[in-house]
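**Student:** Spelled out, the chains give:
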Amino acid sequence: MREDAIIKLEDVSTVYEGERRPAIKGVNLTLKKNELVYVVGPNASGKTTLLETINGLLPPFKGKVSVFGLDVQNHGRRVRCKIGYVPQDFMVKPGEPYTAIDVVLMGLYGQIGFLHQPEEKDQKNALEAMKLLGVEELVNRPMGKLSGGQQQKVMLARALAKNPRILLLDEPFSNLDPDSRGQIPSLITKLHEEKDLTTLIVTHDIHHMIDNCNRVIVVTNGKITFDGTPKNAFPLVENHPHTTSLEKTHH
Amino acid sequence: MGLIGVFVVRMRLSAIGYSMSHGAFAGAALGVATATNPLATGLLFASATAFLIGPIADKARLHADTITSIVFPLNMALAFVFLTLAPEIGLSSQVANVLWGSIISMTNTDLVYLTTLFAATIAIIYFIWKELFAIMFNRKLAEADGINTKPFIYLIILLSGVVVTFSLKLVGGLLIYALLFNPASTALQFLENMRAIVIASPLIGMATTVSGLLVSLALDLPVGSCIVIVSTIVFAIALLLSPKRRRKEVQ
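Read top to bottom, the protein sequences are chains W and S. For the first sequence, the numbering used here begins at 1 and goes up steadily by one. For the second sequence, the numbering used here begins at 1001 and goes up steadily by one.
Calculated from the structure, these hints are not laboratory results. One should not assume that every hint holds.
Claimed, not checked - Calculated cross-link-like contacts (lysine-lysine; reagent style BS3-like; alpha-carbon spacing at most 25 Å):
1. LYS1059(S) / LYS145(W)
2. LYS124(W) / LYS231(W)
3. LYS1140(S) / LYS25(W)
4. LYS145(W) / LYS32(W)
5. LYS190(W) / LYS82(W)
6. LYS82(W) / LYS1150(S)
7. LYS62(W) / LYS1244(S)
8. LYS131(W) / LYS145(W)
9. LYS32(W) / LYS64(W)
10. LYS223(W) / LYS93(W)
11. LYS64(W) / LYS1244(S)
12. LYS1140(S) / LYS62(W)
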């Protein structure tokens, strides 16, 4: 099954810039193609660091990270062109000079490459991604004037426009209004299936579990303390819906 | 200056802008002290400063704040040492030119240099606009989408140094950064489209320079100071009239 591994971390430790204490320690993790994995755990437990180590934004000081069989340290940009990443709590302030379509199209710039200009097909991809998320009417609106939920959808469209093979979503449900909170998880499920994606979703709140999630990873203090099926994970969290309680369960 | 200032302001490189200005200033002072061409020594110092706060600081893992806080006073100290060593001690005309600038002493050759530099800057920005746009929006996201952001940032740092060096004669080393920041900050108060800002900023820069010159002629005051005061007044008016600010108050 080794060849199926899309993401592979071998004994990986990463330190955040300027800090001495590793944010994740000795992590071993293999993700197969088409898996939809939830990463849960208390705040500051290393969930975001895990995502940014996978896409190579944070270089590990120990261990090896491979994505699509390529070493992320040496092939970072190539790998990142195929990863859709939505960072946590990303909000554009009012008055910032970017429209929604600017933001979505920008996600494609790495793929388009140096000295090449975006073509009609890139514009089309960007518009289609916006349509998928139901934000096509916001195309020319300034990003900073959109609500938190609308901005979150534009950021998801940005991640999808580049036709990624992997989706890394950091707290993708945090800014959504109650309506979108119902829609977005099922939309991610649908896209995950249709586009043959491998998806990693970080959340501190187990309430937003997607139906077809087939694996849950619990990160506590920079280490993976649980890795298994949602069925086995639920008893841990069932009585304590908020995952801050997970820490207690594991100590 | 107004053009490159947009990128310096939007990439939050203001501290780096100060350092570059004073690097060029120290270099020009060395030129005066050794009776060589201040333009050549200015360029040399600006490039060395760019190299120090760009690649070398990154290699040494120094934070931009740390390195600029060290380089900024060092360049000032060097500038004053060089000016003291100048053959004719005191505020001789050449020393005064470096300190306060003298637009009137600009020669045709200076104008040819400035025009060529302006054209070259426009060309460079045209070709790397896509990457600059994405980096200005968010550097980490640009990196996550597969853009190698470092070379573009180094290029902007270097370009700001070169532009400052060639513009030293306008207002002098002590006031030059006002021309780097004021037009860009003024344009940002009014416009919500990045392309429009890039066009408006140099136009505002030109208009304030000409107005400052006229004020100085009318009131018989130093040219450089008048240009800076006029450009600051224009920025203050922009701030008061800014539609962005007004909306905030309504909210």
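**Student:** Hey, LYS190(W) versus LYS82(W), does the alpha-carbon distance stay inside 25 Å?
**Tutor:** 19 Å, holds
**Student:** Would the pair LYS1059(S) and LYS145(W) pass a check requiring their Cα atoms to be no farther apart than 25 Å?
**Tutor:** 39 Å, violated
**Student:** LYS131(W) and LYS145(W) were given as a pair; does the straight-line alpha-carbon distance stay at or below 25 Å?
**Tutor:** Holds - the C-alpha atoms of LYS145(W) and LYS131(W) are around 19 Å apart, at most 25 Å.
**Student:** Regarding the pair LYS82(W) and LYS1150(S), is the alpha-carbon distance no greater than 25 Å?
**Tutor:** This hinted pair holds, its Cα atoms lying about 20 Å apart.
**Student:** Are LYS62(W) and LYS1244(S) close enough, with their CA atoms no more than 25 Å apart?
**Tutor:** Roughly 47 Å between the alpha carbons, so the hint for LYS62(W) and LYS1244(S) is violated.
**Student:** Is the Cα-Cα distance between LYS223(W) and LYS93(W) 25 Å or less?
**Tutor:** 34 Å, violated
**Student:** Taking only the CA atoms, is the gap from LYS145(W) to LYS32(W) under or equal to 25 Å?
**Tutor:** Violated, because 39 Å separates the two Cα atoms, which is more than 25 Å.
**Student:** Taking 25 Å as the top limit, are the C-alpha atoms of LYS124(W) and LYS231(W) close enough?
**Tutor:** 40 Å, violated
**Student:** For the pair we were handed, LYS1140(S) and LYS25(W), check the Cα-Cα distance against 25 Å.
**Tutor:** Holds, because 23 Å separates the two Cα atoms, which is no more than 25 Å.
**Student:** Quickly compare the C-alpha distance for LYS32(W) and LYS64(W) to 25 Å and report which way the hint goes.
**Tutor:** The given pair, whose Cα atoms are some 17 Å apart, holds under the 25 Å limit.
**Student:** Check whether the Cα positions of LYS64(W) and LYS1244(S) lie no farther apart than 25 Å.
**Tutor:** 47 Å, violated
**Student:** Sort out whether LYS62(W) lies within 25 Å of LYS1140(S), counting only the CA atoms.
**Tutor:** 22 Å, holds
Checked against the numbered hints given earlier, this structure breaks hints 1, 2, 4, 7, 10, 11; the rest are met.
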